[in-house]
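Read top to bottom, the protein sequences are chains A and B. Heads up: the first sequence is residues 1 to 272, going by our numbering. Heads up: the second sequence is residues 1 to 168, going by our numbering.
Keep in mind the hints are simulated off the structure, nothing from the lab. Possibly wrong hints are sitting among the right ones.
Unchecked claim - Here are the simulated BS3-like pairs of lysine-lysine, each with C-alpha atoms no more than 27 Å apart in a straight line:
#1 Lys224/A to Lys143/B
#2 Lys12/A to Lys143/B
#3 Lys161/A to Lys144/B
#4 Lys138/A to Lys161/A
#5 Lys75/A to Lys161/A
#6 Lys224/A to Lys138/A
#7 Lys69/A to Lys248/A
#8 Lys248/A to Lys75/A
#9 Lys169/A to Lys69/A
#10 Lys169/A to Lys138/A
#11 Lys69/A to Lys79/A
#12 Lys161/A to Lys143/B
Stated by the list, open to error - Just the calculated beta-carbon pair ranges, DEER-fashion:
#13 Asn256/A to Val146/B: 23 to 33 Å
#14 Ile138/B to Leu81/A: 47 to 57 Å
#15 Asp131/A to Leu26/B: 42 to 52 Å
#16 Gly55/B to Asp226/A: 42 to 52 Å
#17 Leu139/B to Arg163/A: 44 to 54 Å
#18 Ile138/B to Asp226/A: 16 to 26 Å
What the hints assert, rightly or not - Examples of chain B residues lying across from chain A (beta carbon under 7 Å, computed):
#19 Asn27
#20 Lys47
#21 Ala51
#22 Phe53
#23 Ile54
#24 Ala72
#25 Ala76
#26 Ile121
For each residue, glycine too, the CB sits at the ideal point set by N, CA and C.
The primary structure of each chain is shown beneath.
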Amino acid sequence: MQQIINFVIRNKNFLLYLFLLSIALGFTVQSHSYHQSRFFNSSNWVTGSIYETFNGFSTYFGLSEENAKLVEENKRLRKLLFNGRTETMASLDSTQLIYAVNTGQVVKNSYAEPRNYITINRGEKDSVLPDMGVITEKGILGIVENTSGSYASVQSILNEKSRINAKLKNTEHFGSLVWDTQRYNVVQLVDIPRLVPLTVGDTIVTGGMSSIFPGDIPIGTIQKFDLDNANSLYSIDVRLFNDMTNIKNVYIIHNNDREEILELEAATINEQ
Amino acid sequence: MNNNYFVNIIRFVLLILVQVLVFNRLNFFGFINPMVYILFLYWFPVKENRAAFIGLSFLLGLFIDLFSDTMAIHAASTVTIAYIRPAIMRFVFGVNIEFQSFRLSNSTRAQQFTFLALLIIVHHAVFFTLEIFSFANILLILKKVVAIGAASIVLCLLFNSLFSAKKE
Chain A
1 MQQIINFVIR
11 NKNFLLYLFL
21 LSIALGFTVQ
31 SHSYHQSRFF
41 NSSNWVTGSI
51 YETFNGFSTY
61 FGLSEENAKL
71 VEENKRLRKL
81 LFNGRTETMA
91 SLDSTQLIYA
101 VNTGQVVKNS
111 YAEPRNYITI
121 NRGEKDSVLP
131 DMGVITEKGI
141 LGIVENTSGS
151 YASVQSILNE
161 KSRINAKLKN
171 TEHFGSLVWD
181 TQRYNVVQLV
191 DIPRLVPLTV
201 GDTIVTGGMS
211 SIFPGDIPIG
221 TIQKFDLDNA
231 NSLYSIDVRL
241 FNDMTNIKNV
251 YIIHNNDREE
261 ILELEAATIN
271 EQ
Chain B
1 MNNNYFVNII
11 RFVLLILVQV
21 LVFNRLNFFG
31 FINPMVYILF
41 LYWFPVKENR
51 AAFIGLSFLL
61 GLFIDLFSDT
71 MAIHAASTVT
81 IAYIRPAIMR
91 FVFGVNIEFQ
101 SFRLSNSTRA
111 QQFTFLALLI
121 IVHHAVFFTL
131 EIFSFANILL
141 ILKKVVAIGA
151 ASIVLCLLFN
161 SLFSAKKE
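Okay, chain A solo, but in the shape it has when bound (with noise of 0.2 Å):
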C-alpha cells in the first residue's frame, strides 16, 4: 500500500498528465463517431457572447457591401414576385407553408480546418434548432448541429463529416456533397452513375431529398469531373457560388413537416 502510494507521489505529474490527456482524447474521438459534444463548441454562452461582441466592430467595415447584397436579393425576389404567381405577401397563410424562414448573422467563421463550424446569433429563443438548414441569398452553407439560448453551431458544408443531398439540375441525378478538405471553394459531389451527361459549367442544386432542405438551392457549377477507380461512378468537383470566406446574413430553414417525415420513415423501417 505504503508502494502504491509513494509510486503515485512520485508520478504525480506524469498520472496528472495522462489523465488530462485522455479526457482530451475522449472528447476528440466521441466526436468522430458522434456529435459535437452538447457543451463543448463555440455556441455556447461564453464564446458566443464574446464573439459577438467583438464582431459588433468588424460588421461595421462590410455595411455597405452587404446592403449591397441584400438590396441585389431583394431586387431578384420582387421581379419574382411581379412575374410570377399573382398570390402577394399579404394573402400567404403562414400556417399552409412547409418551410419556415428566420434569418441570422454570422459571428464566427472558419474554413481553413478540416472541420468547419460557423456560429451565428440565433438559438433556441428563436426557434432555431439542431438539424435545420442554413443557407445564404447564394446559395447552401451548412446544417445546424447545436444550439443555446442565443446561439447556434452549423457544421458548415466545408466539414468532412458533412454529406448533403444534392442533383444536376438539368437531369435530377442525384448524389451526395462531401468535401475533401483541401480547398475552401470547391466541394466534391459523388455517387453520380457513369450513364449521366456531364458538362463542364452545369449548376448543382440539392436534392430535397433530405427533411432538412428545401430542393433547388443553388450549391454551384461543375468544375471537373472524373471516374472513380471502379469506373463506374463519377467523382465531381463543384465550385461553390457562395464565397465561403466573406458571409454575413444567413437564413435558417425549418421545415414544418420534419417530425412527420422522420417518424414516418422510422415506421417503415420497423415493419421491415
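Fit chain B to the given chain A structure using the hints.
Just chain B, lined up with the frame of chain A:
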C-alpha cells in the same frame, strides 16, 4: 509572487483573445493560422509548481478549443508540451536551469529560439496528427506542421521581442 500570478492571468486571457479573434481568422494562403498562445508556455516561470502548470496549460488549450470548435485537440497538444517542457529545457539550457538565478532573458538568443521552436514543433506535430487522425495523410500533416509551424515561430518571436520585460 503576487505580481507574477497577476501577470500570468492577464497573459492567459489576452493570449486566448488574440488567438481566437485575430490569428484564427488570418487564413494566410488559405490555411495558415499561426498559434501564438504557445507563448504562454514559453513565458511561464521556470520554478513554478509543475502540476499547476500542466493544469493551466490544459485549461488554456480547452478555451481555445471552445472558441474554435476543434473538440479537445488544442488541449491535448498543449498539455503534452506542458508535460515535456522540463525535458526540452534540460536539453536546450543544460544544467543552467538547476541554478536559482536562471532566467530565460539571461540565456542566449540561440537558446531561446531553440526552446521556442521545439515547443512549437512538438505542439504542432501532436495537433495536426490528432486533427487529421490517420497516417495515410502523413504528407499533409508534415506540410501543415512545417508551414504553420514556421508562421507560429515567426509570430511568437515577434511577440516575444515586443512584450518581453527588459527589467526582469
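Hints and how they fare:
1. Between Lys224/A and Lys143/B the CA atoms are separated by roughly 25 Å; this keeps the pair inside 27 Å, and the hint holds.
2. Between Lys12/A and Lys143/B the CA atoms are separated by roughly 36 Å; this puts the pair beyond 27 Å, and the hint is violated.
3. As the CA atoms of Lys161/A and Lys144/B are separated by approximately 20 Å, the hinted pair is consistent with the 27 Å bound.
4. At roughly 22 Å between alpha-carbon atoms, Lys138/A and Lys161/A fall within 27 Å of each other, so this suggested pair holds.
5. With a CA separation close to 35 Å, the supplied pair Lys75/A and Lys161/A exceeds the 27 Å bound.
6. Pair hint Lys224/A plus Lys138/A holds up; C-alpha atoms about 21 Å apart against a cutoff of 27 Å.
7. For a cut-off of 27 Å, the pair hint linking Lys69/A to Lys248/A stands: about 10 Å separates their Cα positions.
8. For the hint pairing Lys248/A with Lys75/A, the CA-to-CA distance comes to about 19 Å; that is within 27 Å, so the pair holds.
9. At most 27 Å may separate the alpha-carbon atoms for a hinted pair to count; Lys169/A and Lys69/A meet this at roughly 24 Å.
10. This hinted pair checks out: Lys169/A and Lys138/A have alpha carbons roughly 16 Å apart, not beyond 27 Å.
11. Distance restraint check for Lys69/A and Lys79/A: the Cα-Cα separation of roughly 16 Å lies within the 27 Å cut-off, and the hinted pair is therefore satisfied.
12. Taken as a hint, the Lys161/A and Lys143/B pair is honoured in the structure, with Cα atoms around 22 Å apart against an allowance of 27 Å.
13. For the pair Asn256/A and Val146/B, the supplied restraint of 23 to 33 Å is violated, since their beta-carbon distance comes to about 51 Å.
14. Hint check: Ile138/B to Leu81/A, Cβ distance near 55 Å, so the stated range 47 to 57 Å holds.
15. A beta carbon spacing of about 32 Å between Asp131/A and Leu26/B contradicts the range 42 to 52 Å that was offered as a hint.
16. A hinted range of 42 to 52 Å holds for the C-beta pair Gly55/B and Asp226/A, which are about 50 Å apart.
17. Checked against the hint of 44 to 54 Å, the pair Leu139/B and Arg163/A fails, with Cβ atoms roughly 26 Å apart.
18. With their beta carbons about 24 Å apart, Ile138/B and Asp226/A fall inside the hinted range of 16 to 26 Å.
19. Interface hint at Asn27/B: satisfied, since its Cβ lies 5 Å from the closest Cβ of chain A, which is below the 7 Å cut-off.
20. Annotation: Lys47/B was flagged as interfacial toward chain A, and the flag is violated, the nearest CB pair being 15 Å apart, outside 7 Å.
21. Interface hint status for Ala51/B: upheld, as the beta-carbon distance to the closest one in chain A is roughly 6 Å, under 7 Å.
22. Against a cut-off of 7 Å between C-beta atoms, the interface hint on Phe53/B is violated, since the closest Cβ of chain A lies about 9 Å away.
23. Interface hint status for Ile54/B: upheld, as the beta-carbon distance to the closest one in chain A is roughly 5 Å, under 7 Å.
24. For Ala72/B, the suggested interface contact is upheld, since its CB lies about 4 Å from the closest CB of chain A, less than 7 Å.
25. With a cut of 7 Å, the hint placing Ala76/B at the interface with chain A holds, because the nearest CB-to-CB distance is about 4 Å.
26. A least Cβ separation of about 18 Å between Ile121/B and chain A goes past the 7 Å threshold, and the interface hint is therefore violated.
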